[in-house]
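**Q** Residue numbers (my numbering), protein chains in the order written: chain H, 12 to 367; chain E, 4 to 183; chain X, 49 to 308.
Please keep in mind that the hints were generated in silico from the structure rather than gathered at the bench. This structure is a prediction, so every number in the text was calculated from the model and none was measured. A virtual CB, placed ideally from N, CA and C, is assigned to each residue, including glycine. Treat the hints with care, since some could be wrong.
Claimed, not checked - Cβ-Cβ distance ranges computed for the label pairs, FRET-style: (1) Gln86(E) / Tyr292(X): 48 to 56 Å; (2) Leu112(X) / Glu361(H): 34 to 42 Å; (3) Lys181(E) / Pro291(X): 53 to 61 Å; (4) Gly14(E) / Glu285(H): 30 to 38 Å; (5) Lys142(E) / Leu363(H): 33 to 41 Å; (6) Val279(X) / Arg284(H): 58 to 66 Å; (7) Val279(X) / Lys128(E): 18 to 26 Å; (8) Glu260(H) / Tyr204(X): 51 to 59 Å.
One-letter residues, chain by chain:
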Amino acid sequence: MKELRLMKGNEAVAEGAIRAGTDGYFGYPITPQSEVMEYLMAEQPEKRTGMVVLQAESEVASINMVYGAASTGKRVMTSSSSPGISLMQEGISYCAGAELPCLVVNVVRGGPGLGTIQPSQADYFQSVKGGGHGDYRLIVLAPASVQEMFDFVFLGYDLAFKYRNPILILSDGLIGQMMEKVELCEQRPRNTVFDPSWTLTGKTPDRERNIITSLDLDASQQEKHNQHLQEKYRKAEAEEVRYEELQTEDADYLFVAYGSSARICQKAIQLGREKGIKIGLLRPITLWPFPKKPLAAIAPRLKGILSVEQSAGQMIEDVKLSVGCGIRVEHYGRMGGMIPSPEEVLENFEKLFIKK
Amino acid sequence: MTEEIIIAGFGGQGVLSMGKILAYSGIMQNQEVSWFPSYGPEMRGGTANVTVILSDERISSPILHLYDTAILLNQQSLDKFEQSVKPGGVLLYDNNGITRHPERKDIQVFLVQAADASAKMESTKTFNMVVLGAYLKIKPIVELASVYKGLEKSIPKRYSHLLEPNKKAIEEGQKIVKKV
Amino acid sequence: MDIKDIIKPENLVYQKTKLMTDKPLSYCPGCGHGTAHRILMEVIEEMDIQSETIGVAPVGCSVLAYDFMNVDMVGAAHGRAPAVATGIKRCWPEKFVYTYQGDGDLAAIGTAETIHAANRGENITVIFINNGIYGMTGGQMAPTTLEGMKTSTSPYGRDLHSMGNPLKMSELLAQLPGVHYVTRQSVHSPRNVRRAKKAIRAAFEVQKANKGFSLVEIVSNCNSGWKLEPVPANEWMEENMFPYYPLGDIKVDGKLIVNQ
Ligand SMILES: Cc1ncc(C[n+]2csc(CCOP(=O)(O)OP(=O)(O)O)c2C)c(N)n1
Ligand code: SF4
Ligand SMILES: [Mg+2]
Chain H
12 MKELRLMKGN EAVAEGAIRA GTDGYFGYPI TPQSEVMEYL MAEQPEKRTG MVVLQAESEV
72 ASINMVYGAA STGKRVMTSS SSPGISLMQE GISYCAGAEL PCLVVNVVRG GPGLGTIQPS
132 QADYFQSVKG GGHGDYRLIV LAPASVQEMF DFVFLGYDLA FKYRNPILIL SDGLIGQMME
192 KVELCEQRPR NTVFDPSWTL TGKTPDRERN IITSLDLDAS QQEKHNQHLQ EKYRKAEAEE
252 VRYEELQTED ADYLFVAYGS SARICQKAIQ LGREKGIKIG LLRPITLWPF PKKPLAAIAP
312 RLKGILSVEQ SAGQMIEDVK LSVGCGIRVE HYGRMGGMIP SPEEVLENFE KLFIKK
Chain E
4 MTEEIIIAGF GGQGVLSMGK ILAYSGIMQN QEVSWFPSYG PEMRGGTANV TVILSDERIS
64 SPILHLYDTA ILLNQQSLDK FEQSVKPGGV LLYDNNGITR HPERKDIQVF LVQAADASAK
124 MESTKTFNMV VLGAYLKIKP IVELASVYKG LEKSIPKRYS HLLEPNKKAI EEGQKIVKKV
Chain X
49 MDIKDIIKPE NLVYQKTKLM TDKPLSYCPG CGHGTAHRIL MEVIEEMDIQ SETIGVAPVG
109 CSVLAYDFMN VDMVGAAHGR APAVATGIKR CWPEKFVYTY QGDGDLAAIG TAETIHAANR
169 GENITVIFIN NGIYGMTGGQ MAPTTLEGMK TSTSPYGRDL HSMGNPLKMS ELLAQLPGVH
229 YVTRQSVHSP RNVRRAKKAI RAAFEVQKAN KGFSLVEIVS NCNSGWKLEP VPANEWMEEN
289 MFPYYPLGDI KVDGKLIVNQ
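Bound-form chain H, shown alone:
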């Protein structure tokens, strides 16, 4: 029997967290994602599954609680919005360096600085190019629906443990605040088996003690560690690219857009096709690793590509790197919390590519 609910994106993340067998959630209130913790506190998951929920004193504390909790091998996560995620960057870098599996959710709002609380996609660079210090990568999942907010918690944990790496769910205020129909799945049990090769469970006579650290003062060892990390990232690039193509078979033009922008573009495509302009959509689901190959494969059939983001143009750099110089790639977007309407996207596409 399908279990259907009408939920906000933020609530879906929270319910997903419980059902995915999360052991610990640590967070701090910030608009537009406060509903995640509010939902969790109201649901009392300690009674449902034994999951721990703690309101920390700051995002710095939250991510370091995650760092500690992740070192036990349990499923742990945090969520925040842009200013809070900026504060977490040091901790995220430590998690990546120490190879700790964990989940971070960013419900992006407009910046820079305190910015605004309205939806934005201006944290793309921070998310995919490494927001903290050092050579590390996060696998970045970009949900475009409330359903995916729920589903990606599960996917996120699978990837986090497969790669022993932090996973970022990059959402935005639109997906976080909107309600849609969500199909919920069964409760997944919490972890009971902890990998003795690295988790901190207390040293037993049958194994060496485990140490979680990102420090190695010996540069040659630190380089080896970095090489190991890079191998992991190459593997993720080979195996984890996820994307969705819509109406690309006959398309003359392509929109590339993720998250809420992808939804807006779908409508813009429909409006364009009503006018006889054949546009398709490539929606990256993983922003890192970026769907370079699929994009390169469609590009030769196209007359132009429009990268649509709620930013000044960040993802367009990855689009250009993917398709090379043979095709025209332009950007359209709004900034600071403004959301473009489908009509507006189409109009600007036409200005750039159709009318001269």
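Assemble chains E and X with the ligands onto chain H, guided by the hints.
**A** This is chains E and X with the ligands only, laid out in the frame that chain H set:
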């Protein structure tokens, strides 16, 4: 079928919950739905609006520029969204506190005096349900049975005594709505 | 007599301080923030130090304090106001520098900055609005939230066992040698407003005399977060907040007041 609606008014008018009940009703009938509100501190006593979409197909953009129906419950909202109704579309409004009435001739304008009606019924909290009733009379996109189920789902148990007044308010709205 | 005959300078009994701008306050009706703003600005006006004063706005409902306070101001990141104020004061040691912060800002995310600015005896004044909740973000639990108090992140009431104890920041800070003056006031009645204003004046005098860190805590209401209308909110505050956060001086002239 796809119905794209904007509902806009003052903060405490129940704009968001009316949208939520519509969305719930859609789910009861196996439709796809989306609900996107204005949010944040600007909602305190200010204006609130919500975009609701019900469709038989997967919903693309949850935010729109043009709507099939606009339900506008104060002057600011009327001023802001009158031009956003698609030609031939529906504008439903309450004339309570309105000084500039809808002017467009290429759309269908309906009036529901919901503030009056809910005051007469001595339950001003059901204002939004009178409006919902009026809307469903104009566009019966969901069955009343689904709406009542939606209501049950969205009203917390401790408020279950409000179910009946809400149903009455919906019926009242259906009776008093008129074309302008 | 015509109304115009009454509106004369010699009949003036009250005038809004010129140090409040004409912009309508964005606070909820009945909220204490507006009163606290006003008396702070009155003190600066009465001391005639507008041209020598720099304020630091927090992140919280008073994030827009600079829209209402007619002095030079800077908006700090959430919790960092004491560090920002330190930076300003070290560059302008002869000027007056104050922060205006909520309890989430000062006692949660900014605890480290608060304690270290105090411990350095930083010669600044902190106005601390304790309403026991995060007003701005929609009523979540604050470090100051009382036991059993319901908020959106403690919907069944604050449970001391899992969520910790309400934090008495003023008492904690008063222990530090660098701290010269700490007092706890409220602005919910005319008498309390007068007292709170005197306290703010005293704090600025400490700064003027270069004696170190001064802090005025104002226990205030949050009608929206507490889900109470203004009058019941003030009654609730008297019955519940004041017993835990008693009003009065905590440290004066660098000496702890006993019997607190
Ligand atoms: C780094 C960061 N985290 C979280 C927030 C969200 N935030 C804004 S105000 C606030 C709390 C405000 O509460 P308080 O300081 O008590 O002030 P009040 O609104 O109650 O006056 C929070 C958590 C933020 N702006 N920046
Ligand atoms: S939310 Fe609370 S603190 Fe903020 S303005 Fe309203 S009453 Fe004041
Ligand atoms: Mg507060």
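**Q** Failing hints, ascending?
**A** Of the numbered hints given earlier, the structure breaks none, since each of them holds.
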